[in-house]
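Here are the chains, one letter per residue:
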Amino acid sequence: MPMQLQIITAEREVFSGEVDALVAPGVAGQLGILPNHAPLMTVLQPGELLVRAGGDDSYLALSGGYLEVLGNQVIVLADAAEDVDEIDEARAQEALVRAQERVAGRESDIELEQAVASLRRAQVRVTVARRRRSTPHRSLAPQARQ
Amino acid sequence: MPSVRDIRRRIRSVENTGKVTNAMSLIAASKMRRAQLAVTDGRPYAEKIHEVIATLAAQPTDDDTVHPLLETRPVNTVGMVVITPDRGLAGGMHANINRQVARFILDSDATVRSIVVGRKGRDFLVRYTDTVQAVFTDLSDRVSLADTTAISRLVIDGYTAGEFDEVHLAYMRFVSTVQQQPVIERILPVEPAALESAQRVGYIYEPDPATVLSALLPQFVEMQVYHAILESIASEQSARMVAMRNATDNANQLASDLTLVMNKLRQDSITNELLDLVGGQVAMEG
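Line by line, the protein sequences give chains A and G.
Everything in the first sequence is counted per the numbering used here, starting at 3 for the first residue and increasing by one.
Everything in the second sequence is counted per the numbering used here, starting at 6 for the first residue and increasing by one.
Next up, chain A with everything else stripped away, as it sits in the complex (with noise of 0.2 Å):
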């Protein structure tokens, strides 16, 4: 039995719909929800979402937010997300360059923080958009909004 999956950012609704299993970067590691999984609410970390649908995999970026299971309802609240598709490979890489020396450059610990932060964020979006061509996948994305 399938269960329902939500995924919203406080700018619009990633996708909606049926699947069979998905794999969460929760802050206490990697997190497998299965249909019928008791009620859990946990913070997510930056990191990659597996969402398994009829045999089709497909990946998202996040960059942390809240997964929400109640009754054979999965709400995944992410302060970002991204489908594979979505990223720009090259971007995501300058990006990561971009972090990687701003933690080198850092003048603060504050400062420190938000750059190894965003170093976080950007290795996701590279790892993730790496997945477009070693890994089968199924785009998630909804048509872009003009």
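These are computed hints drawn from the structure, not numbers from a lab.
Owing to the predicted nature of the structure, the values given are computational and were not obtained by experimental measurement.
A couple of the hints might just be wrong.
Unchecked claim - With the Cβ distance kept under 10 Å, some of the chain G side facing chain A (calculated, not the full set):
(1) A43
(2) A51
(3) I54
(4) A59
(5) I110
(6) L111
(7) A151
(8) A155
(9) Y208
(10) P214
(11) V217
(12) Q224
(13) Y231
As the list claims (entries may be wrong) - Pair ranges (Cβ atoms, derived):
(14) G:D152 / A:D87: 21 to 29 Å
(15) A:R122 / G:D213: 31 to 39 Å
(16) A:R132 / G:S113: 50 to 58 Å
(17) G:P79 / A:D87: 27 to 35 Å
(18) A:S110 / G:E52: 32 to 40 Å
(19) A:R122 / G:S113: 40 to 48 Å
(20) G:N21 / A:R140: 48 to 56 Å
(21) G:E196 / A:A119: 34 to 42 Å
(22) A:R132 / G:A63: 38 to 46 Å
Where is the CB? At the ideal position from N, CA and C, for every residue including glycine.
Dock chain G against chain A, hints included.
Frame of chain A, contents of chain G only:
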């Protein structure tokens, strides 16, 4: 009495103004549609996060510590986030919101310090009050959550540091295309909504309820600020659309009235000339 030429010049000027206001109203209409979409797109997230916080706040905690953003203090200083448009020509919109804010400041017993978003509010508050603490202008029409976090950070840090004992948010709520409403809401301390008992489910919390809550609360505040800005943009554009459409109608009306006057004048002058001509001829023959 103005001459026909004067009136013709006037008509042309009125028509040009009409073209400009018509273009502005069309632009505002398209921006309004986008802003409205942004408001609706953000709604599921807003509702969900609200619900989760309500559930979390209802959880019994092991100790008595209250999260700083939930803590109520005696109110000495009130922080006020005033969200206004950058540009005018939007009817009475900024006057409405500014009036509401002014009344709030006058009625408040506590010291009010305002954080202003948008030029219209800045100009007003800088001129008539001494409350302005920070100003943000030139937000784009397609604002993103990231653009607004600087504003929410200021509010959250100010509250945590005890600079404000309460924070209110003033903005124009988008009710419909022809109706916007100035509102002032308290955003800090966060007041979790009361829960219906059916919603109290035994969740597994990872890592634990307190951590989840303290990660969510700032996000909730950020989201409220972001949402208010979206509403304000939608209101601004729809107010401008309506104002500019009225202006276009007025311009067209004025142009047609003037055309009537001009035609009448022209006919009068032709009649007069003819009369002169005929009169002269009659005099010659006679």
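Does Y208 (chain G) meet its interface restraint, that is, does its C-beta lie within less than 10 Å of any C-beta in chain A? Because about 5 Å separates Y208 (chain G) from the closest Cβ in chain A, which is inside the 10 Å limit, the hint holds.
Under 10 Å is the threshold here; is the Cβ of V217 (chain G) close enough to any Cβ of chain A for the hint to stand? 6 Å, holds
Hey, does the P214 (chain G) contact hint survive, CB to chain A under 10 Å? 8 Å, holds
Given I110 (chain G) as an interface hint, is the shortest Cβ-Cβ distance to chain A below 10 Å? Since the shortest Cβ distance to chain A is 30 Å, the answer is violated.
Taking 32 to 40 Å as the stated bounds, is the beta-carbon spacing between S110 (chain A) and E52 (chain G) within them? 38 Å, holds
Let's test the interface hint: is any C-beta of chain A closer than 10 Å to that of A151 (chain G)? Interface hint status for A151 (chain G): holds (8 Å vs cutoff 10 Å).
Measuring from the C-beta of A59 (chain G) to each C-beta in chain A, is the shortest one below 10 Å? 12 Å, violated
Outcome of range test on Cβ distance (R132 (chain A), S113 (chain G); 50 to 58 Å): 55 Å, holds
Does A155 (chain G) pass the interface check with chain A, least Cβ-Cβ distance below 10 Å? Violated. Min distance 12 Å.
I want to verify a distance hint. Is the separation of the beta carbons of E196 (chain G) and A119 (chain A) within 34 to 42 Å? 29 Å, violated
Residue hint A43 (chain G), partner chain A, criterion CB-CB below 10 Å: Holds. Min distance 7 Å.
Agreement of hint Y231 (chain G) with chain A interface, Cβ distance less than 10 Å: Constraint on Y231 (chain G) satisfied, holds at 6 Å.
Checked against the numbered hints above, the structure violates hints 4, 5, 6, 8, 15, 17 and 21; every other hint is satisfied.
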